[in-house]
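K.L.:
Protein chains in written order, with the working numbering: chain C, 1 to 154; chain Y, 1 to 275.
Honestly, the hints are just simulated from the structure, not real lab data.
Fair warning: this is a prediction, and the values are worked out from it, not measured in the lab.
Among the hints, erroneous ones may be present.
[Unchecked claim] Some but not every residue of chain Y turned toward chain C, in silico, with C-beta under 10 Å:
| no. | residue |
| --- | --- |
| 1 | L131 |
| 2 | S193 |
| 3 | A194 |
| 4 | N225 |
| 5 | R228 |
| 6 | F230 |
| 7 | R232 |
| 8 | E233 |
| 9 | D241 |
| 10 | Y251 |
| 11 | L262 |
| 12 | I263 |
No residue lacks a Cβ here, since even glycine has one placed at the ideal position from N, Cα and C.
Letter by letter, the chains look like this.
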Amino acid sequence: MTLENYLLALIIEEKSIIEELLHIDNSIQKTNYTYAKFLRKIRELSKLKLTLEKPYHFITDGDPDTVYNVLLLSPMVENIHINNSFVALNKWLVERTKEYYRKTNQKITLFLDIKKEYNDYIENDTGIVLYGFPEFVIGIEEIFHDKSIAVIQK
Amino acid sequence: MYLASVALLRSEIPTYDCSIVTIDENRKKKVVTIEEIEKEYQALFSRHPEFSFVLMSDSEASTLLKKEGIIEENGTPYDFSNKENQEVLATILTKIKESKELVAEWEFIRKGSKKDSETEKSMLSYESRPLPEDERIRRMVIGREYLESSSYVYKIYGMNKFQGYIGYIYANGTVIFEKYYENIVTKKVASSSATYVMGLDNFIEMSKLSKTEIIQMIKTDSSTNVRRIFHREDMDRWKSDVERAITGSNYTQDVIDYIDTLIFHNSIQKSEVKS
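Chain C with its partners taken away, still in its complex shape (with noise of 0.2 Å):
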């Protein structure tokens, strides 16, 4: 089973703990995101097409669809930082995916920032990729903008 298939069976089969984890998230962030709107968008969006030859720090605008996304290119991804968005869905989709590897024997080195700074990224020179809405990838490149980094827009 692909991660991806095993993604998708775990968000229909624990709905109502999403529910949950959303209506934290939601009080937290004044938000209205429901678990809806959620498969809508994971049903919408256009898969990345990277080709990674090691893992990368992916700076993301913490929407629940972007780190789905992000975290399909694993284990090409070292670590995602979620701009402390969504940190209850977004946990729950890194922990679901940890869990995918260990069922498969695979290794997998996987963390999740749920900070607000970029502090710890800007010492790096190589490996950071930004992705999400315009906006957000625009201005947060205005930070590393003598850095070596890969934007990818929504």
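Given chain C, work out where chain Y should sit, using these hints.
P.N.:
Relative to chain C, chain Y alone:
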């Protein structure tokens, strides 16, 4: 020749529709009529008096192309992977470059040269397209209405180098500001798409800096606690982020622990059921 063929066709069938469907710059289908093509054809000669129209048969055209070294003696185009033919290509290119007609508009860069890789890099790096002004205005109006109706204590208007900025100070010491206008006199809407959130102490210190200096400070000093909230198509998400910043709502350690319990407890339960 195309126009001549159309004329011939229309002499047989006067109502023959010779329109062509093409794609315009906005990626929309566009029907181009033969009259429009003819008009453009005439206009082309007015714009480029150096062009001349020569009517020739296929065999005459073939002889000319051979003479110019564009096709081989047997009429086939040159295979330039062949070393001998590369010399032919070099001669043709030299002729083109010497003609100075193309050189004015195109830069010739040899493959593998330093300039080749530099040019390629710059061609691949993306440039963000500026938002249309009506979209910027839409976002500005939503943002202004939202902040105006929020529970701020003071409103501040930027002066001098901060002209065009409007800030809101809240009871808990949070300051939110952004640039609304590039030019306050002409009311030209700013192209900036970020809202700055900070504490009052940060604001006093940062109000002395330029945008570049603020970005530099965010970049180098993790203790500034200054955040940028970016406008986006879905401005409801922007409102949520701003509301979160104003109220200071955050994921506490207790909340994180509870999230972990929910996720891991369910994971353990699943394992128990399966075993």
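K.L.:
Which numbered hints turn out to be false for this structure?
P.N.:
none
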